[in-house]
Amino acid sequence: MLNKKRFLITTSDEATWKLDCPIIFLAEWCCKYDRKQLWESLDYVIAEPYGLNVSQQDLDRDEILVLEKKLFPFFCELINQYHNTNYSIKFWKIVLGHWFRLTLTQLLFRTKVIKQCLQNHNISGCISYSYDRYKITPVFTEEIIDDRLFEPWRENILNTKILNLLDETNFPIEYIQFNNNDKCNQNLDRKNISDKNKTILSLIKLYKNLSKKFVKNTDALIINTYLPLLEEIKLELSLGQIPQLWKYKDKISSYSQIKNLKTDNDERDKLTKDFESESNNYFEKIVTKLLFQLLPKIYLEGLEELTKIVNNQPWPTSPKFIFTSNEFFDNDIFKLWSAFKTEEGTKYFIGQHGNNLGTRWDLIDCIEEVTSDKFLTWGWKQDKDKHLPSFIFKTADKRKKIYNKSGSLLLIENNISQSIYFDNYKHQEKYFINQLKFVKNLAKAPREKLIIRLYKDSNNTIKLSDEVSMWLQFDSKLKIDKFESDINNLILNARIIVHSYDSTSMLETLSQNIPTLAFWENSHDDVIKGGGLDHLRDSVKPNYQMLIDVGIIHLSSKSVADKVKVSSSASIKIFDKIGSVFFLLTILCK
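So the sequence shown is numbered by our numbering: it starts at 1 and just counts up by one.
Honestly, the hints are just simulated from the structure, not real lab data.
Ideal Cβ placement from N, Cα and C applies to all residues, glycine included.
Errors might be hidden in some of the hints.
Said to hold, decoys possible - In silico DSS-like pairs for lysine-lysine, Cα to Cα no more than 25 Å straight-line:
(1) Lys-247 - Lys-308
(2) Lys-456 - Lys-426
(3) Lys-115 - Lys-4
(4) Lys-430 - Lys-563
(5) Lys-18 - Lys-115
(6) Lys-384 - Lys-69
(7) Lys-18 - Lys-4
(8) Lys-558 - Lys-541
(9) Lys-285 - Lys-135
(10) Lys-247 - Lys-205
(11) Lys-477 - Lys-565
(12) Lys-212 - Lys-347
(13) Lys-36 - Lys-4
(14) Lys-565 - Lys-444
(15) Lys-479 - Lys-405
(16) Lys-405 - Lys-563
(17) Lys-69 - Lys-374
(18) Lys-247 - Lys-216
(19) Lys-36 - Lys-5
(20) Lys-308 - Lys-212
(21) Lys-18 - Lys-32
(22) Lys-482 - Lys-405
(23) Lys-36 - Lys-426
(24) Lys-558 - Lys-405
(25) Lys-247 - Lys-213
(26) Lys-444 - Lys-479
(27) Lys-405 - Lys-440
Stated by the list, open to error - Ranges of calculated distance between the beta carbons of each label pair, as one might list FRET restraints:
(28) Leu-42 - Asn-197: 41 to 49 Å
(29) Asp-481 - Leu-210: 33 to 41 Å
(30) Lys-4 - Lys-381: 55 to 63 Å
Could you build all of it, start to finish, from the sequences and the hints given here?
Set out below in structure tokens:
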């Protein structure tokens with residue numbers, strides 16, 4: 001342990017900082033780029049990053065899966081008792097499975113980051129917002145996705161909860177008043193809807209009101225499949241039903257009776273007491289003490305109200321099947337409705353929704369794979385009873401793109417985001433350095449035509465601003481698209497697309513025979529951005545190697561920059577989407 005005492009800072013919220021003493025930042029995420037002038041002037045250190053080693057990530061993932069297998073059935077039993085119901089484990093896994101695993105993962109990562117810091121450093125104290133037990137209890141699942149999970153005030157309170165449960169915490173915690181109006185939703189990015197979009201939405205609403213009158217009780221529910229709209233319409237027509245635009249839906253957060261739910265503190269306390277573990281495993285004890293504090297209100301205090309909303313949906317009452325590729329995670333209405341229907345025997349089909357499923361070693365037994373009756377993949381098959389190989393839904397039956405042979409060089413970036421799996425800021429630092437190397441190595445002509453397309457999650461406008469500043473500090477003449485332009489227009493006006501990470505968009509441009517290159521560094525510890533082929537399952541490495549061999553994927557920034565100098569229309573067509581609707585129809589009606 002280092003001897004010098006330092007004050008612990010766990011988030012980027014400067015209201016919880018002390019500036020007049022030696023400090024230690026829990027991780028890189030505490031240090032905003034646009035506040036560098038402040039924190040670089042302090043007597044500070046940053047705690048060692050946690051979990052960069054692949055073997056440690058593997059151990060952590062196994063620990064989460066083992067604990068989930070142990071705790072989830074008992075958790076479901078307690079929820080059934082509370083509601084006086086007898087729903088199956090599958091029912092609750094459809095409804096709560098993603099939240100449960102996400103929460104376990106988040107708690108494991110935070111606990112180990114904090115524990116490692118306390119073991120390695122001499123801490124003098126920290127500051128926390130004052131809170132009651134249910135201060136950060138979400139109302140619905142939508143609240144815990146994207147960067148809302150990482151709002152600094154929420155992080156601060158959750159970190160303090162963990163600190164108070166660790167034996168290593170032997171320093172005072174100072175509590176300050178929490179100003180809810182100043183802190184809540186500080187990262188939300190609200191855009192005005194254009195007149196054109198208002199007109200489109202009005203027409204959609206009109207069509208929805210008319211079309212739902214023709215819904216038959218036995219129609220399949222087809223919603224957010226990732227198919228282009230026309231293909232989704234053709235699929236419904238092929239099934240003999242009037243196409244419905246279910247994906248244009250009201251969000252659960254729009255229901256006032258849901259937004260204003262109050263926590264039943266006494267009942268949650270009782271559930272926590274029943275759930276608490278006598279295990280010697282410190283992490284299991286933390287999970288069992290905090291899980292009911294983090295359970296969305298919609299599934300405890302609000303389940304009866306949610307059930308009423310579900311029963312009022314104009315959806316089929318006895319659907320022949322359910323098919324989605326995107327609604328299973330944060331759409332609380334859809335999840336509960338689907339759980340009810342699967343209990344009645346309705347088949348539940350889910351389509352793949354990103355390139356990493358089936359390829360990454362750490363994405364095994366995903367909740368959507370486990371809960372579905374059939375999982376439609378983008379061509380791969382690892383479980384003959386579960387997986388049905390198909391195609392990339394997003395580009396289904398799209399014609400070969402016409403690209404501009406004298407157009408731009410489009411670099412598609414990944415986002416700077418905080419991980420719930422391991423401390424990925426060091427990876428992000430390496431990632432950004434590699435992007436700089438790529439641009440530095442470009443010849444003059446392609447560099448002048450370069451457009452850098454940044455990636456933006458729903459609420460990460462602050463981080464997006466940081467990334468813009470970093471790029472412009474490197475070269476103020478660079479053309480940067482801050483997720484503002486239509487990506488399809490950028491692609492149509494590009495000569496070559498370069499993907500700087502192993503991405504879904506790489507497969508999309510390849511499948512449309514668009515000139516495509518990709519790169520990520522061949523570094524064994526750089527797992528989140530690729531790390532050569534180390535992030536892949538052994539079964540798919542030969543496929544990636546083929547793309548390396550023909551010069552599409554590169555494992556260094558210099559290699560891909562050199563390829564850009566000589567490339568004209570280097571790409572291959574590797575996915576056949578002919579007759580996609582009828583292929584899907586055959587699969588879903590089996």
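Q | Violations among the numbered hints | A | Result: no hint breaks.
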